[in-house]
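Take the sequences, apply the hints, and build the full model.
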Amino acid sequence: MSTKTPSTLEKVLNAGHLAVTSECGPPRGSDPEVIKKKAEMIRDHVDAINITDNQTSVTRMCSLAACIQLKLMGVEPVLQMVTRDRNRIALQSDILGAASFDIHNILCLSGDHQSFGDCSQGQNVHDLDSMQLIQTVRHMRDEGKFLGGDELKRPPQMFVGAAANPFADPFEIRVPRLAKKVAAGVEFIQTQCIFNLEKFEEWMKGVRDRGLDEKVHILAGITPFKSAGMARFMQKRVPGMDIPDHVVKRMSDTPKDKQAAEGITIAVESIQQLKECKGVHGFHVMAIEWEEKVPEIVERSGLHPRPAV
Amino acid sequence: MIVADRKPVEEIMDMVKDASSVLILGCNECVTVCEAGGKKEVAVLASTLRMSFLNQGKEVRVDERTLERQCDREYLEEVRDVADRYDAVVSLACGVGVQFMAETYPRLPVYPGVNTCFLGVTEERGLWTERCQACGQCILGQTAGICPISRCAKRLLNGPCGGSTKGKCEINPELPCAWQLIIDRLNALDRMEDYEKLMPVKDWTTDRAGGPRKVVREDVQS
Ligand code: SF4
Ligand code: SF4
Chain A
229 MSTKTPSTLE KVLNAGHLAV TSECGPPRGS DPEVIKKKAE MIRDHVDAIN
279 ITDNQTSVTR MCSLAACIQL KLMGVEPVLQ MVTRDRNRIA LQSDILGAAS
329 FDIHNILCLS GDHQSFGDCS QGQNVHDLDS MQLIQTVRHM RDEGKFLGGD
379 ELKRPPQMFV GAAANPFADP FEIRVPRLAK KVAAGVEFIQ TQCIFNLEKF
429 EEWMKGVRDR GLDEKVHILA GITPFKSAGM ARFMQKRVPG MDIPDHVVKR
479 MSDTPKDKQA AEGITIAVES IQQLKECKGV HGFHVMAIEW EEKVPEIVER
529 SGLHPRPAV
Chain B
18 MIVADRKPVE EIMDMVKDAS SVLILGCNEC VTVCEAGGKK EVAVLASTLR
68 MSFLNQGKEV RVDERTLERQ CDREYLEEVR DVADRYDAVV SLACGVGVQF
118 MAETYPRLPV YPGVNTCFLG VTEERGLWTE RCQACGQCIL GQTAGICPIS
168 RCAKRLLNGP CGGSTKGKCE INPELPCAWQ LIIDRLNALD RMEDYEKLMP
218 VKDWTTDRAG GPRKVVREDV QS
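Protein chains in written order, with the working numbering: chain A, 229 to 537; chain B, 18 to 239.
Source of the hints: derived by calculation from the structure; they are not laboratory data.
Accuracy of the hints is not assured; some may be wrong.
[Claimed, not checked] The list that follows gives simulated cross-link-like pairs (lysine-lysine, DSBU-like), each with its CA atoms no further than 30 angstroms apart: (1) B:Lys214 with A:Lys433; (2) B:Lys185 with A:Lys433; (3) A:Lys506 with A:Lys433; (4) A:Lys464 with A:Lys454; (5) B:Lys75 with B:Lys56; (6) B:Lys183 with A:Lys464; (7) B:Lys185 with A:Lys464; (8) B:Lys185 with A:Lys408; (9) B:Lys231 with B:Lys219; (10) B:Lys183 with A:Lys408; (11) B:Lys185 with A:Lys454.
All values derive from a computational prediction rather than experimental measurement.
What follows is the structure, encoded as structure tokens:
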């Protein structure tokens, strides 16, 4: 895969290193220090930091502004963009705004349904879907054109990513769905948190059988449990999440004061196992409001120091 | 058909509280099928209103009529001779009927008696579900006859989101995931390869985004 943008993440991946990304949720307020503090904790342990876009449909500081804060700190952002809240005019306009600050990575998502958030009575937009957003960014970057066909000046130089959930249903569509995203032009994938390693490996086998791992960089999603309660909650309540009983049991069999450490150990073990999985080109550590633990996970997994590219 | 649901009586009472004569006007089409605004519902609402007015010590005439359709001018003409006798009409037709009634009788206050919900089907008695959002450019040919615009909570055109679980939608474990239905049917039709065709960015100008729509058929306009 040849490097097409100034993105550090793209360079790391194309140089054949295992990439490490993480993510930070912006605050429910306007204090820029919140995002800066989180980024400061992890900047030396990751290649790029995703800023979530009103995750779980809860209104927060906008992803674009938080990405600019990272950029001003000299940290590489990944702009997450959901199609839930903006039509094609707003999406393209935000892409250009981000490009004006030389934000070089974008993650195209449809977004959680608004019924989960603080504005459950609101409209959703979904003028485009995530595949069409991928196509839109590629079109703007590679053709230098707007969706409407007009020429745009100084096209965005963005490395284009998307999410994949190997555990959502129907399972049989999960590999074809990735193939579809690849056909739409996606260049890297961050997966849903992986707890069911067997099922993930089965999906990766399907991915390899179709040669998709040669066409897209796959970053395996890793989330450490803070407690047995969190594991149970995620198993029962979060749609599209696959957490085997034995993992939940391992957490609940651990004494309360040691559960956090056990959660981290599980994450580290998962990374170690997945490093051996052909086609996995890196890791996306989602430490949901537990950013201070990312350095430990990355170090114990042997992914530190990060390569200079 | 157009599916509607009954409005709470209190809401209707509040709309007509100052009238001294009210006509409850039903419709014999869709709202009859979905048991929200046919002859039977007209009678029930009329007697409930009569009782409520009586309890408040008010003398109000409440009459009942049910037209063949309220979305056709010729049927609306059937009440022309009596229309000016009322202070208010509560139309139990869908929003289309309510508006056409109001347009036909500009000086008559016309109030909606039902909540118009969607274009749907009767799954079983007492259960109606949405099937179409009248987008004006039907894609059912590419989606195995199941509409993701009306049946997927995010109207995704290229496949299921990451929240699809055990065939159900992320927003509600009772709701079938539209994309699970599409995949199952593509499978049954042995057309799975169709799934991988990218559905292009949709032209929504034929949807409500393009403003109020019209269909012109010169061939039948004579
Ligand atoms: S594609 Fe459009 S016209 Fe066809 S069923 Fe769906 S909403 Fe209705
Ligand atoms: S679960 Fe299925 S129906 Fe629900 S939003 Fe996702 S794709 Fe649409």
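Tested hints:
1. B:Lys214 with A:Lys433: Since the Cα atoms of Lys214 of chain B and Lys433 of chain A sit roughly 22 angstroms apart, the hinted pair holds (cutoff 30 angstroms).
2. B:Lys185 with A:Lys433: Holds, because 26 angstroms separates the two Cα atoms, which is no more than 30 angstroms.
3. A:Lys506 with A:Lys433: Within the cut-off at roughly 9 angstroms; holds.
4. A:Lys464 with A:Lys454: holds (16 angstroms)
5. B:Lys75 with B:Lys56: holds (25 angstroms)
6. B:Lys183 with A:Lys464: Holds. Lys183 of chain B to Lys464 of chain A sits at ~13 angstroms (cutoff 30 angstroms).
7. B:Lys185 with A:Lys464: holds (14 angstroms)
8. B:Lys185 with A:Lys408: With Cα atoms ~22 angstroms apart, Lys185 of chain B and Lys408 of chain A stay inside 30 angstroms; holds.
9. B:Lys231 with B:Lys219: holds (20 angstroms)
10. B:Lys183 with A:Lys408: holds (22 angstroms)
11. B:Lys185 with A:Lys454: It holds: about 28 angstroms lies between the C-alpha atoms, which stays within 30 angstroms.
Checked against the numbered hints listed earlier, the structure breaks none of them; every hint is satisfied.
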